[in-house]
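Using the supplied hints, reconstruct the complex from the two chains, each of which is provided in its own coordinate frame.
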Amino acid sequence: MSKADKRTFKRLGASDTAAAVKVFVNGHSMSAVAGDTVAGLLFTIGALRIRRSFNLQLPRGYYCGMGVCWECTVAIDGQRGVRACLTEICDGMRIVTDAESHDDV
Amino acid sequence: MMYDVVIVGAGPAGLSAARMAAEAGLKVALIDDQPRIGGQYFRHAGVRRIGGILAPRFGRARYIHTSLSTLGRCGVEVLNEATVVEISADRTLTVAFRGSITQLQGENVVIATGARERVIPFPGWTTPGVIGAGAAQNLMKASGVLPGSRVVVVGANPLCLLAATSLLRCGVKIVAVCAPSRPRVTFNALLRLMRRPDIFLRGVGYLLMLKLYRIRMLSDYRVTDVIGDAKVTGVITRRFAEGLPPSEERLDVDLIVVNDGLLPNIELASRAGCEIEWEPSTSVWSPKRNADFETTIPHVYAVGDCVTASGVENSLLEGEIVAISIAASKDVGERGRLRRLSRLKWRWRRLQKFRSAVVELTVKESLDQRPLTDDTIVCRCEDVSLATINDALCQGVQDLNALKAETRVCMGRCQGRTCMHTVLALLATAVGKEPDQFKPPVPRLPLRPVKVGDWLKKF
Chain X
143 MSKADKRTFK RLGASDTAAA VKVFVNGHSM SAVAGDTVAG LLFTIGALRI
193 RRSFNLQLPR GYYCGMGVCW ECTVAIDGQR GVRACLTEIC DGMRIVTDAE
243 SHDDV
Chain U
1181 MMYDVVIVGA GPAGLSAARM AAEAGLKVAL IDDQPRIGGQ YFRHAGVRRI
1231 GGILAPRFGR ARYIHTSLST LGRCGVEVLN EATVVEISAD RTLTVAFRGS
1281 ITQLQGENVV IATGARERVI PFPGWTTPGV IGAGAAQNLM KASGVLPGSR
1331 VVVVGANPLC LLAATSLLRC GVKIVAVCAP SRPRVTFNAL LRLMRRPDIF
1381 LRGVGYLLML KLYRIRMLSD YRVTDVIGDA KVTGVITRRF AEGLPPSEER
1431 LDVDLIVVND GLLPNIELAS RAGCEIEWEP STSVWSPKRN ADFETTIPHV
1481 YAVGDCVTAS GVENSLLEGE IVAISIAASK DVGERGRLRR LSRLKWRWRR
1531 LQKFRSAVVE LTVKESLDQR PLTDDTIVCR CEDVSLATIN DALCQGVQDL
1581 NALKAETRVC MGRCQGRTCM HTVLALLATA VGKEPDQFKP PVPRLPLRPV
1631 KVGDWLKKF
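Here the protein sequences come in this chain order: X and U. All the letters of the first sequence, read from the start, carry residue numbers 143 to 247 under the numbering used here. All the letters of the second sequence, read from the start, carry residue numbers 1181 to 1639 under the numbering used here.
For reference, chain U alone in the conformation it holds in the complex (with noise of 0.2 Å):
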């Protein structure tokens, strides 16, 4: 099936994409792995408010009900529940949905993926009971389910103030925010800050709440075990602050909350081809694009959290300014395009100077200030300890394949979407280079796992 435009995740980057590519009248599919459209951001099971009156709103209900409305009347083609599985040069992608596999062809390709969630590892990080920042805001949203009664946050990025203050105002106890250092604040990054006072006013909100409530902040400590086995039953943190004496204290939780920042899903970028630059700000790869946010191959674009995280204002406008620049190309669409074009292009401008400003004032952790353990679980999918792969780079392993070849590390299922950015931290110490001297891998087919049974049953 030919489309006009093929766009990969319905988050808000790819959502507002189909959107608005839609309303201009070009031929658009979407396609997700979730079961229902909005991604990450907007999870619209309809929990409006949960809980009492200082509850948050979630949902995000009218955004998702209008998008589904436009999406149905202009015919877009949604498949959800579908992961794409390879993506050809001449831009046919081969999906695995519901049971069997189907192949769609893009004049041009929108990779809109999103970004995961960062967790550098530390001693008992796999107990059931630790889980992601976003994965706890995601049983909230989605479930109105609370994680946990007794929580310590561990991290102090955006992501981590945002899961403590959802918690918090849902009346789950925050026994304490463990945090790294302070970031030391800038009079020029403030002033970028104010580019978007609207979103840096929010940010505020989050930290006078956590002050408000006299939430613990633990500035300099680290998680160095957690206790449980089937389930966390507490965590034990302890201080590391120079010209401190070292301090080490127990908290009896029942959920540890972890980010260390998000990584974009670069998997559909690089196995299209497109070049994939080390982004230094944040320590991640990025699909390379330019200023009509086209990768490098022609005609597949990549927009929002799978470039940069920059978060849901950002992903809403590339979203929007990706399928303008299409319809543009085909010459279809309203009238005045070019004007409303170089005005969402100077909002986004606004944007990427605010996001500098977050970044350089988001404490940076890294794997070195984790006590890690010999036995403490490196990859997860193949129970790969820290020990095994310093066996492996003390007999001399130089790069990442003889690494998986040596140990499995990233051979698990979830095919190191969860490891990868840790077993690049040791080689490249390990080593002596910059994690940007490597080259990212290329993933190869499938790019999720799918059932033997289903791809069969396309020959």
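Next comes chain X alone, as it looks inside the complex (with noise of 0.2 Å):
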């Protein structure tokens, strides 16, 4: 059985155009919502902890929402420092949690 199938958090309700995709999170294929977010999918698969702080290696999740505080970047596709809260789910995304080091910044 998938990950998808053990999840934290559930998802309810369905979006008007709810499309069913298929997404890699560090490597994983798993079946998500077109247009939820990024944020989103991490909640319902319970990875809270999405990087670790640059400094103090501390463990770190979403926290503002909005774009504010960047505590919830993620690679995408490859592209570091993607803010996982704004960013939209589309079909074969490759999502990539603590995927920083203070070497980026």
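In short, the hints are calculated from the structure, not lab data. Some hints here could point you the wrong way.
Computed, partial: chain U to chain X, Cβ under 8 Å [as the list claims (entries may be wrong)]:
#	residue
1	R1296
2	T1306
3	A1315
4	P1327
5	C1561
6	D1563
7	R1597
If you anchor each label on the Cβ, the simulated ranges turn out as follows [claimed, not checked]:
#	chain 1	residue 1	chain 2	residue 2	range
8	X	D240	U	V1622	31 to 37 Å
9	X	G234	U	V1611	50 to 56 Å
10	X	G169	U	A1410	16 to 22 Å
11	U	E1540	X	C232	24 to 30 Å
12	X	C232	U	A1410	26 to 32 Å
13	U	C1574	X	D240	48 to 54 Å
Just so you know, these numbers come straight off a predicted model, no measurement behind them. We put the beta carbon where it would ideally sit given N, CA and C, even for glycine.
Right, here's the structure in full:
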């Protein structure tokens, strides 16, 4: 069974234009809804810790939800430093958490 | 490219301004950093109704649909996922948009950048699973995702109550609402609340619902620690009340929702050179403006929550008013618009009275009421702890710039948007000044982080 079947938090209700797409989170393939935010998907699979802080390597995750705090940055299709809360899911997206180190800044 | 009006922010204020200005026949550009228009309030991902009968109706899809058709019909240039990185004296905005840099010039610029959440730190607030009340609303509204199953809400302002009832109606267990002391209700404030009975009743509804579900209201309790490393597993609260022995309690939760009010996003206005003044009633900086919502810089307007956080009704009104004022100054638009303008302004004044009562009845949290420990992180981006800041302050640091140079607070990727209010409060206490005696720092280019590669394409 894929990882999608043991999700931590439910996704409720369907969108008008709900389209199930396939994405990869850290190499695992799973189904998701196009147009949802990447942060929302990470919550449903229980990946609350999205990255570690640059200096003290402390666990961090989704916090402000609107692109202010930069705490939820992930790598999407090889592009690092993308805010998960501002990015909508599309088909075949490759999402990698914990993708940053201090060298990138 | 030259426009009659360039609007920054497509939330309720920016959107209503764009609609009104476009309908009056002005050439409008609308810039927003989210993937879809609507801001934080209107999230039209299409989640109409989640959960059961009691579930809240999210989406507010109709306003967005009519807006989209109006914007399309009137030929408004809409730039989604675009970030304003610079504004110059001739009102030219430099915008990072889809991997490149473009410039737009506006005869008038309307700043409708909204507000962000204020969270006063507490030990463990950086743990994954501690999120803002607005952030919790976002997850439910945009994606229909329930962010937790057992939740504690910390704070008692209107946004916290809204988040608590939304979570409740979606079937999430609210373990407790951890509120500061109760407000003192005065007759005068009640009278002012009656200026907008509709909004007042909605608020009463939230309180009644929490009462009906017997949600524990932990009055005078504060969070002293968060349990869990990689994610929240519990929270420790302690009662701080005069005359009562302190009692400590552990609550098992998987999500902590916090909010201590809203901070206007003044960075763009500040960069444009607008005068920023201290607003003592809510302890925030806000752009100074005249009766037509024009800032101290001519042809630069500021509307909505980026001036004073007052909610969606106010933002929609201010957006309409500013669009009509601009149309009037350009002498375009419908006849009878002056009568319309005075009617809108009358409604706006009523709303301001209502707002003043809400502000009065909301108990303000302050930093000295939080049981911070030395290792509590204050600046999330740069991992600066309270001890590091206090060390610098003990060495005689007198102003914000020196503190930034010494400790790197406010110098990470959020550019001080998350921690500056805390740092300022610490600094003010240390040097024995009031926060209003400090000048708000003028942000430098770029206003938001931009990829070096994108920036270089400009040249």
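To see whether the hints hold, each was checked on the structure:
1. R1296: holds, 5 Å
2. T1306: holds, 6 Å
3. A1315: The hint holds - A1315(U) has a Cβ within 8 Å of chain X, the shortest such distance being about 3 Å.
4. P1327: Holds: closest Cβ of chain X sits about 6 Å from P1327(U), inside 8 Å.
5. C1561: holds, 7 Å
6. D1563: holds, 4 Å
7. R1597: At about 5 Å, which falls below the 8 Å cut-off, the nearest Cβ of chain X leaves the hint on R1597(U) intact, so it holds.
8. D240(X) to V1622(U): 31 to 37 Å: holds, 35 Å
9. G234(X) to V1611(U): 50 to 56 Å: Holds, at about 55 Å.
10. G169(X) to A1410(U): 16 to 22 Å: holds, 19 Å
11. E1540(U) to C232(X): 24 to 30 Å: About 47 Å separates the Cβ atoms of E1540(U) and C232(X), which means 24 to 30 Å is violated.
12. C232(X) to A1410(U): 26 to 32 Å: At roughly 28 Å between Cβ atoms, A1410(U) and C232(X) fall inside 26 to 32 Å, so the hint holds.
13. C1574(U) to D240(X): 48 to 54 Å: violated, 36 Å
Violated hints, listed in ascending order, are 11 and 13; each of the other numbered hints is respected by the structure.
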